[in-house]
Amino acid sequence: MRRAKLIILGGSAGSLQVILGIISAIGRDLPLPVLIVIHRNVDFESSLEDLLSSRTRATIKEVEEKEPILPGTVYLAPADYHVLIEKDQTFSLDYSEKVHFSRPSIDVTFRSAADVYDKKLVCVLLSGGNADGVDGMLYVKERGGVVVAQDPDTADVPYMPQHAIARMAVDFVVPAEEMPAFIKGLAYLPPA
Amino acid sequence: MITAIRYEEMQILLNDLFTRYGYDFTEYSKASLQRRIQRLFALDKFPSFAEFRHRLQHDPQYFRRFVEEVTVNVTEMLRDPSFYRTLRTTILPVLATYPFIRIWHAGCSTGEEVYSMAILLKEAGLLHKSLLYGTDINPLVIEKARKGIFPVSQMQKYSENYIQSGGIKDFSSYYTANYHLAKFDSSLAGKMIFSTHNLVSDFSFNEFQLILCRNVLIYFERGLQAKVFKIFDYSLENFGYLALGAKESLRFSPIADGYKQIGKEKIWRKVHETG
Chain A
27 MRRAKLIILG GSAGSLQVIL GIISAIGRDL PLPVLIVIHR NVDFESSLED LLSSRTRATI
87 KEVEEKEPIL PGTVYLAPAD YHVLIEKDQT FSLDYSEKVH FSRPSIDVTF RSAADVYDKK
147 LVCVLLSGGN ADGVDGMLYV KERGGVVVAQ DPDTADVPYM PQHAIARMAV DFVVPAEEMP
207 AFIKGLAYLP PA
Chain B
21 MITAIRYEEM QILLNDLFTR YGYDFTEYSK ASLQRRIQRL FALDKFPSFA EFRHRLQHDP
81 QYFRRFVEEV TVNVTEMLRD PSFYRTLRTT ILPVLATYPF IRIWHAGCST GEEVYSMAIL
141 LKEAGLLHKS LLYGTDINPL VIEKARKGIF PVSQMQKYSE NYIQSGGIKD FSSYYTANYH
201 LAKFDSSLAG KMIFSTHNLV SDFSFNEFQL ILCRNVLIYF ERGLQAKVFK IFDYSLENFG
261 YLALGAKESL RFSPIADGYK QIGKEKIWRK VHETG
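Chain order of the listed sequences is A and B.
Positions 27 to 218 (the working numbering) are the ones given, in order, by the first sequence.
Positions 21 to 295 (the working numbering) are the ones given, in order, by the second sequence.
Looking at chain A on its own, in the form it has when it is part of the complex (with noise of 0.2 Å):
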């Protein structure tokens, strides 16, 4: 296996210690971006960058329209917007409808990503009681992408991970304690 070009950690309730955990074990030096995608509430904004900051040298940034995708940055999808990515590794937004209930929707960044990335893409589902995410995986999955679940035994609501794993042949179930040690392995594979 080789590097891939995006790694997105898409999570609901119960994902944000995965997702404390996995960015703890980035460092400054990330060979590539990363993209977390995470349902919130819009009335706390501000914190949830502040807090991911306090956990990693990487550099955490909220999702702007339009900018580049750069490696060495953990990206952050900003409430109440779609995160989609354009052929020329950019972000757009999109304040569309909501999908599964959810703004940003992990289904349509996965999706969006797939058709930039095909098979040079990594997804992984984290704990969640949403459905949404699984039809986007299923998307990157026929694209040749990677798809990754926590294992829902270990995940606070396994809701969102069981279903990934019912939907389709997963590549990867992590268990929640291993996720940082597996994400960085992936982050860290040789160049493509």
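What the hints contain is simulated information worked out from the structure, not anything from laboratory work.
Any given hint might turn out to be false.
Unchecked claim - Quick list of simulated restraints, FRET-style, between CB atoms: (1) 75(B) <-> 80(A): 47 to 57 Å; (2) 113(B) <-> 54(A): 41 to 51 Å; (3) 258(B) <-> 115(A): 37 to 47 Å; (4) 198(B) <-> 210(A): 52 to 62 Å; (5) 124(A) <-> 198(B): 23 to 33 Å; (6) 97(A) <-> 242(B): 19 to 29 Å.
What you are looking at is a predicted structure, and each value in this text was computed from that prediction instead of being measured.
Don't be surprised by glycine CBs; every beta carbon is placed ideally from N, CA and C.
Since the structure of chain A is already known, use the hints to place chain B on it.
Just chain B, lined up with the frame of chain A:
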């Protein structure tokens, strides 16, 4: 697997639509546009791209549906209450000094923001000398905006936004509820002019002291954004204000130098003179 509209096919489609109807979507952000087109294609159950293309070329009614479905029409009243609070406390007192106030809501969709603004103006005692222009590319949403009828189910949320924006009245005094619909006071609509206007191809049509264009530019590529910023610049009086969406900025635009941001809200004041 459902047939997907490929990127190249979308480009063909966009060229068709420009040639056939004069609507130019070629500088829209493609990721969002492709998703919307894909959605319409699946919704209307076309068996192939060729049939989709043929229908669009030969059926103007269907093209109308395309415009309605492909453009994003999500909006709400008093969205981002802190933005509206800044309008109340900082912008309206300046506008109050003018004998006549002209405001343009560019890409107003179904008009919720125009009604929000009218409420603010009314409470500031300025509505009688104001005119609010609401424009959108989509004729269907303009018809809805003219009616000023919105779902009652939204009113609780809007009422919360209203209070957070600094409103002290009873929000329900602005509408009459009838079953699941809320019709807004006709004294508000009396000061509004709604019309179709395409930011891509149409020009400036008046001079304004305030232009609001929120969550529209995110759907445009940088080149088109620059073009639209120039239209806004040309349409703003000196010392007029331009308001954008929460994630939009004037920062990378060709007109940035002539504008000064007001606090941390996405509101800029024109400080140069139109050349």
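Hints, one by one, checked against the model:
{"no.": "1", "hint": "75(B) <-> 80(A): 47 to 57 Å", "verdict": "holds, 54 Å"}
{"no.": "2", "hint": "113(B) <-> 54(A): 41 to 51 Å", "verdict": "holds, 47 Å"}
{"no.": "3", "hint": "258(B) <-> 115(A): 37 to 47 Å", "verdict": "holds, 40 Å"}
{"no.": "4", "hint": "198(B) <-> 210(A): 52 to 62 Å", "verdict": "holds, 59 Å"}
{"no.": "5", "hint": "124(A) <-> 198(B): 23 to 33 Å", "verdict": "holds, 27 Å"}
{"no.": "6", "hint": "97(A) <-> 242(B): 19 to 29 Å", "verdict": "holds, 22 Å"}
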